[in-house]
Structures are given as structure tokens and as C-alpha cells.
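Given next are the chains, with one letter for each unit.
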Amino acid sequence: MSTPISASVDVGAATVRPQVPTGFWRRALRHRSFVIGGTLSLMVLGAALLSLVWTPWSAYEIDVASKLRPPSAAHWLGTDVLGRDIVSLLLVGARSTIMVGIIAVGIGITFGVSLGLLAAARRGWTEELIMRMSDFTFAFPAVLSAIMLAAVAGPGMVTSITAIGIFQIPTLVRVTRGSANAIWAREFVLAARASGKGGFRITIEHVLPNVLPILIVQATIQFALAILAEAALSYLGLGTQPPQPSWGRMLNDAQTLLFQSPMLAVYPGAAIAVAVLGLNLLGDGLRDLLDPRLSRER
Amino acid sequence: MSGSTNAPLIEVRDLGIRLNTSRGPAQAVRGVSFSLKRGETLGLVGESGCGKSVTAMALMGLLPESAVVSGSIRLDGSELVGLSDANYCKLRGNRISMIFQEPMTALNPMHTIGRQVAEPLRRHTNCSAAAARKEAIALLDRVGLPDAAKRVDAYPHQFSGGQRQRVTIAMALACQPDVLIADEPTTALDVTIQGQILDLIADLVAERGMSMILISHDLGVIAENVQRMMVMYGGTVVESGATNAVFTRMGHPYTQGLFRARPRLGARKGTRLKTIAGTVPELADLPAGCTFADRCTIVEDRCRAALPAVVDVSAGHGVRCVRTDVSMAEAVGAVGA
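Line by line, the protein sequences give chains F and V. Heads up: the first sequence is residues 1 to 298, going by the working numbering. Heads up: the second sequence is residues 1 to 337, going by the working numbering.
Simulated from the structure, these hints should not be mistaken for laboratory data. Take these hints with a grain of salt, some might be off.
Covered stretches of chain V (chain F as the covering partner; in silico rule of three or more C-beta atoms under 8 angstroms from a C-beta of chain F) [unchecked claim]:
1) 92-98
2) 113-126
Beta-carbon label-pair distances, calculated as ranges [to be verified]:
3) T279/V x L129/F: 40 to 46 angstroms
4) A149/V x R32/F: 32 to 38 angstroms
5) F138/F x N20/V: 27 to 33 angstroms
6) L129/F x Q196/V: 49 to 55 angstroms
7) D85/V x L42/F: 43 to 49 angstroms
8) R123/F x H217/V: 28 to 34 angstroms
9) S84/V x G178/F: 26 to 32 angstroms
10) A149/V x M99/F: 47 to 53 angstroms
11) F140/F x N87/V: 40 to 46 angstroms
12) M99/F x S84/V: 44 to 50 angstroms
13) R30/F x L273/V: 51 to 57 angstroms
14) A284/V x I36/F: 52 to 58 angstroms
15) N20/V x A182/F: 17 to 23 angstroms
Subject to a maximum C-alpha distance of 20 angstroms in a straight line, what follows is the list of computed SDA-like cross-link-like pairs (lysine to any residue) [to be verified]:
16) K90/V x L190/F
17) K90/V x G198/F
18) K150/V x R293/F
19) K90/V x I204/F
20) K150/V x G23/F
21) K90/V x N126/V
Cβ atoms here follow ideal geometry from the backbone N, Cα and C, with glycine treated the same way.
With the hints as constraints, model all of the structure from the sequences given.
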């Protein structure tokens, strides 16, 4: 029986040692959801990287003669309606999935977090303006704005990434601003102000590190949402354009053959599920590992 | 540093602070004046909401933006009221520092204590990261943190409340400020630690020749730690003077009431504490006259007419009461009882 040591208990000087970064990996490898999430995410990343140098078959070559083959030694997961190898499609598809996720979440984080921090730091009309603008963006359905953008700029990967990225901003603005406001009300921010720090430095040194754990979790959720959104847009024909494969497009193609070859929808679906689950677990783990208060207890 | 030792380091004249609350504008502080020479210590005593902390925040320039400050606060002769925030940032933590009430929350949980103590040094002086770290260890050692060199890289949650308060003291003292404001520094700590922390602060104040403003609602803490004191009630200073003089010749009915409300050792079993009847007035609708009028036992009509002027009952001992003749006569009995 071991009782967990309460966080405020004074541990003896001998047991205290700097924890970051020396202990980080040791703790990380013991953290179950971090390890599982990390493994799944690495698998997706590995698939994307592998596709750059090797795929069992070309993902672009059409071989209608051997369409809709069941799994075999040559085609491990069979072929699709155009005779393309499913494994190769999944590998290459991982590329666009990751790209969409990283770029769209990157757009969302860059603008969303900066605006959210600004709103919390400045308050007053600045905050009102930022929040009302993000309400306005949020009120617009993502798919609708993607269609709108596609109408202006033409459908394609860039359009869908931009649309998804813009759609991410208001969520991240809200999450950032909400948690940043809570940090601004804490006494250590007052103490920081009393030691002569200005709003910008307090934001960077005190507010941001304290909202970071929340943002990391939110970012992994957003990443998962971006993958789903990309799949949805590709499914509607607004995202990745043929012949470029993507998991969403594969679902789209499989739809018409759902009764003849249901497995065609299962493979990309499972791939999306693995990526989303992996990222969520990874985010959970990172949040725990980055919080010095939780580091002793798990 | 400019000026002779006799020139006041801090001079507050007729300070008034209006805060915008959800219940409308509130005159949180009215007509507060005091001055503090280098090395002097001043206590601010009063119950919650009497304006002690708001006064301290005004000195630090940390009032909310909607607050309206009137009067004058001078540090070494230069005016602080209306000073731009950028200029105030250069003073805070450098020439004026503050210790807060809650050591559990006054430290950033995400940074090591060494970094937090070194921060003001890095900000206000030109010292290198290594020098700042060395100085931080020296400071932590000075405030009595055991094994400072080893624990400098530990996080706030690994310390007890008393140790954390020592860390915040080290932070406040890092740049050798001229003025230290301690806002109820021991309220959140248990009694045995309280004494140690107050002794530490007193030692440091004497050692470095700082001026200190100590805020407390604990008369005992005030009695033992400051040379002069001000009793605040409803945003006004009702009595001020040398600590000894105020304690021996309490002139204001409120000061006397505070004193009677103290629990005493050796009191007979079953003795009830004497309380002051009534409640603290809302700052949003203060009476026109003496703020204590509604709870005062010797109130007269003229008390309610206008805010009483400060009466000097002896050298440097002022009482904001029109009935000092009666109250001071009673006071003799109050102390004796």
C-alpha cells in the first residue's frame, strides 16, 4: 500500500532534483497513454514517410483489369475500383492527412492562440472585437465556408487546408482566451506585475506556459478534427483532388460500392480512427508530462 | 540616491481612490496622507475592505485601469500618480517591492523557484543568467531556505507554505528595493511560522535599510513590527501615530473597539469577546460624515454632518474624531479593563 504524496508536502532536499529535461523521457516511457498515443501517431507518420521512398505499387497507376481484388500476396489489402493497390493508397494518403493536419492546426494555433492571448491581455474593446469576430467565424459552418472558398479559389488541397485552418481559429481563440483570463486573475501574475513585468512579458512567461497544457490537448483534438474535416471535404469532392489519394477520397470512392466491397470503406476509416485516437492519447499524455505538479504522481 | 536622510522617501498626500464596482463607483480611499523616511516602518491596520490593500496597490500602481486616483504619491520626490505603466514597470520590483498574502498562489507553478527569484534581477539589472542564478541562490540562502543551492531548481509545489513565503520574500528583495510593501504576509501561515517570517522580514528591513509598509488586521503583528501605525476604517485613516502612542492612548472609538475585540489570555472561562456593533459600511454608499458614525457609541449629530478633521492629540499622533475629549477619557478605562 502506497499513499500518494500530496503535492504540497515538503519533500526532503535530498529527493529533489531538476526534472526537466533529464527525467522527461523516463517518465514519458512509463506513461501509458503517451506511449500508446505516441506509437499510433508514429505509425501514421512512418507510413507517410515510407510512402515518399517506397510503396508496394504505384498509388497513381490505374489497372482496371485487376479492380476490386480481394487481399492477396501481391495486393495485401486488395485493390480499389480502379485497380489501385489499397496499401499504397493508404500510405500515400497518410501524407495528405498529416499535411492537412499540421498546416491547418498550424494556422489555427498561430492566429487563434495569439488572438486569444491578446484578448486576455488587453481586455476592453480589443477583447470584445476579437471575440465577436471569432463568434462570427464560428457561426459559419466549416463546410459552407470551404464550399465558398472552393467557389472562389477552386477546389483542392490548398483551399481545403485554408478553410479548415480558418475554421480552427475561433475554437482556439476561445480556449486560449478563457484559460488565459483565468491565469491573469492568479496571484502570481500580480506578483509578476509587482516585480515590474509588462503585459507582453507576463503573457509570454507566465500566461502562455500555464495555458500550454490545455492548448496541447486542444491542438491534438483540433488535429483529429482537421483530419476528419479533410476527409469530409474530400468526400464532398472539395478537398484533395484526384489522382492524389487521401483517406477522405478513398471513403468517397468506397461509398458507391459499400455493399459489394464494404472493406474498401473500412480500411481508410480504420486509418482515420487510428490517427485520431493516437493523437488524442498523445495529447493526454503530453498534458500530464508537461505539468510539473503531476510529474511525481504518475 | 538623492536627498538627505531626513527627506521623506515616500510621501502620500490626500490620496483618494475611486473604484468602479458592479454596484457603482465606490470611494475606496479618502484623504489618506502619510510620509515615510528611509528605514522607517509603518503599519496599516483595519478590517477587510477598509482600504488597506487598495492603498498598497495604489503605491504599486497596480490598481485596475478603471480606478480613479487623486492626490499625490511621491517616491524620492518624483510623482507616481499618473505615471505611465512603462515607467512604473521600471520601479516595481526594483525600487518598490511587494510581498503577497497567499504564498501558495503567488508563485508560478510552471517555473522553478530559482528562475522566479532571478527574474527581477535579470529584468532590472544588467546581470548575466549565471550571475543572477548565483545571486538567487544567495538570496534563497539568506531568507533561510535550507539547502538553497540544491533546491534552486525545484518547483513551487515541492515547498511548504512557509518556505514558499520565504521564496516570495527573496523575489521581492532581489533588487534591493527602497520600499517593501508586505500585504498580510503571514495571514495564510500557521502561527509558529508567522513569527519566523515576521522576524525574517524585520531582520532584512533593518539589514538593508529599507522602508516597510506592513499591512495586517492583526494588532499583535502590528505592535511588534512597526514604528508607526495607521488605523484605517471605511477608506479613511481614523488614527495614526507612533505604535506605542496609539496603543497606549487609543484616541478613536474604532481603535478602542478593535482592541476590546481581541481575545485575551487569562480571561475567565465563558467570557465573551466584545464586538463592535453593526457592520462595515458599503464603500459604494459611505455616509457623508464620519464613516464610523453608525457603529460608534459616542456619536453626535455633528459626526454625521461632515468628515471630522484630524485632531493632533499629541506630537505625531492624530485622531480623526471630534469627540477625543470623551473617547480619550474612556480609553484609559478601556486599556485598564
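Inset, instruction - Mind listing which of the numbered hints don't hold for this structure, in increasing order? - result: none
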